[in-house]
Amino acid sequence: MSDEYKRITPPLTDEDVAQLRIGDKVLITGYIYTARDAAHKRLVELIEKNEPLPFDIKGQIMYYVGPAPAKPGYVIGSAGPTTSYRMDPYTPQLLKLGLKGMIGKGQRGEAVKEAMKKYKAVYFEAVGGAGALLARRIKSVEIIAYEDLGPEAIRKLYVEDFPVIVANDMYGGDLFLEGKMKYRKVG
Amino acid sequence: MREIEYDQIVETVKNLAIESNSVLDEEMYRALEQALQTEKSPVGKEVLKQIIENDRIAKNEMIPICQDTGTAVMFVEVGEEVVVKGGHLKDALIEGVRRGYVEGYLRKSMVKDPLRRVNTGDNTPPVIHFDIVPGDRLKIMFAPKGGGSENMSMAKLFPPAAGREGIKKFVVDVVDQAGGNPCPPIIVGVGIGGNFEMSAILAKKSLFRKVGERHPDPFYAELELEILEEVNKLGIGPMGLGGTVTALDVHIEYYPCHIASLPVAVNIQCHANRHKVAVL
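Taken in sequence, the protein lines are chains A and B.
Note that the first sequence covers residues 1 to 187 in the numbering used here.
Note that the second sequence covers residues 1 to 280 in the numbering used here.
Be careful, since some hints might not be right.
The calculated EDC-like cross-link candidates involving lysine to aspartate or glutamate, where the alpha carbons are at most 20 Å apart (straight line), are [as the list claims (entries may be wrong)]:
| id | chain 1 | residue 1 | chain 2 | residue 2 |
| --- | --- | --- | --- | --- |
| 1 | B | K210 | B | E19 |
| 2 | B | K112 | A | D161 |
| 3 | B | K49 | A | D161 |
| 4 | B | K108 | A | D148 |
Here's a subset of chain A near chain B, in silico, CB distances under 10 Å, partners left out [unchecked claim]:
| id | residue |
| --- | --- |
| 5 | K25 |
| 6 | Y31 |
| 7 | A38 |
| 8 | R42 |
| 9 | A70 |
| 10 | G77 |
| 11 | A79 |
| 12 | P81 |
| 13 | Q107 |
| 14 | A126 |
| 15 | A132 |
| 16 | A135 |
| 17 | G179 |
| 18 | K180 |
| 19 | R184 |
If you're looking for bench data, these hints aren't it; they were derived computationally from the structure.
Idealized CB from N, CA, C, for every residue including glycine.
The task is simple: from the sequences and hints, build the whole structure.
In structure tokens:
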């Protein structure tokens, strides 16, 4: 792992994704889209009915987050990642449509990792529970779909230097497994 | 008898909700700084630095440490000589949660029922555990408990023969399976004994103990340290990205149990170890 940060701006191309390896520290600047459990369910229902999604997903990065409400004077409330495995049942279908990056916390299932290799995508870990720190890097917020879902609505965020770590890359690398094995002292 | 005003209870719970979500115990800040010193993994150190910086921002600006401001969990000890004036105790506790979450800009994470899943809009109802104690005080122990770490918790009823080693293995396995999901470095709450439901309540209650504080019984204090050592050999590390600090502490609480049973529950607490107590 290099101590330097890599900088990326979505939409991402295959070439952008190809440069990212597990353990890389990355700063994201640009627009990203929030979605968690309930929004994923609705997106996949649209795909199954062959209907268009509320935003063009090609090359985009999705952030698994349900932010806290903004205090007066703030753009957004605390906004750290939620646990990603809950999105696993829906993720391969979104990757197939061109989703290139996901930000969450915790390990992904085999089907997601396979789909990331197949469709050339990357999974970033943001630090869970660092909601106050991460919210500072969010500069604008716009609800673009499913307002009725409250914290689970889809929001378009403009982020600047949003800090993440590459946890799974398109080569099948998995930092959760490799990191754990490196420091493991039991069977 | 001693009278306590309904409104005072509401105000107290509201403040507990708001403050506990932004400010940790001093012991937690120290434990995280200590973890940064001992952690071997560079990625793990980066994660811990972000956590420490985050917790500093949250405290200074009085904004939530984590967007998951949790289910409001309360352990309430009601003195036998306490009378609530102007309303009912339980209503006051619920109203305090409602005001804290609405007026404090905290996230509303409760749904009306587990299957149809419509948000209640004000983070009520809380989960309340009451106890009746001697005296004229009202003690409210408040914890916003996040979903990510709660989801990784587990309970099991062992035969007594499983013993100390059986329990140790179970707790370490639960942490191992949880991996990075519960936002390590974690605090592991373990409830041993009682019965099925009581073991889980003990595990939750053990999380109110300060980080670094041992069980008063040396037998259990030693078991806590043994489990902590084993857990930190797993390699999970901060946020599960590999490292030597997976847990900051292990807390055990026990209760007598049936001759046929050895109930054990493991309640996992994320690094946003939010607990606050008020006594009226």
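- Message: Under 10 Å is the threshold here; is the Cβ of R42/A close enough to any Cβ of chain B for the hint to stand?
- Response: violated (13 Å)
- Go through the hint on G179/A and say holds or violated, using the shortest Cβ distance to chain B against 10 Å. Given a least distance of 2 Å, the restraint on G179/A holds.
- Query: Against chain B, with CB atoms and a cut of 10 Å, does the hint on G77/A hold up?
  - Reply: holds (6 Å)
- Message: Would the hint on A135/A be counted as holding, given a Cβ-Cβ threshold of 10 Å to chain B?
- Response: Hint on A135/A: holds, closest Cβ of chain B at ~7 Å, below 10 Å.
- Task: Report holds or violated for the interface hint on A70/A, using the least CB-CB distance to chain B and a cut-off of 10 Å.
- Result: holds (7 Å)
- Taking 10 Å as the limit, does the beta-carbon of A132/A come near enough to a beta-carbon in chain B? holds (4 Å)
- For the hint on P81/A, just tell me whether its beta-carbon gets within less than 10 Å of chain B. Status holds, d = 9 Å.
- Does the alpha-carbon distance linking K210/B and E19/B stay inside the 20 Å limit? It holds: about 17 Å lies between the C-alpha atoms, which stays within 20 Å.
- Item | Interface hint status, A38/A versus chain B (Cβ within 10 Å) | holds (8 Å)
- Query: How about A126/A: closest beta carbon in chain B under 10 Å, or not?
  - Reply: Holds - the Cβ of A126/A comes within 10 Å of chain B, reaching about 9 Å at its closest.
- Against chain B, with CB atoms and a cut of 10 Å, does the hint on Y31/A hold up? Given a least distance of 20 Å, the restraint on Y31/A is violated.
- Does the structure keep K112/B and D161/A at a Cα separation of 20 Å or less? violated (38 Å)
Hints 2, 6, 8 from the earlier list are contradicted by this structure; the remaining hints agree with it.
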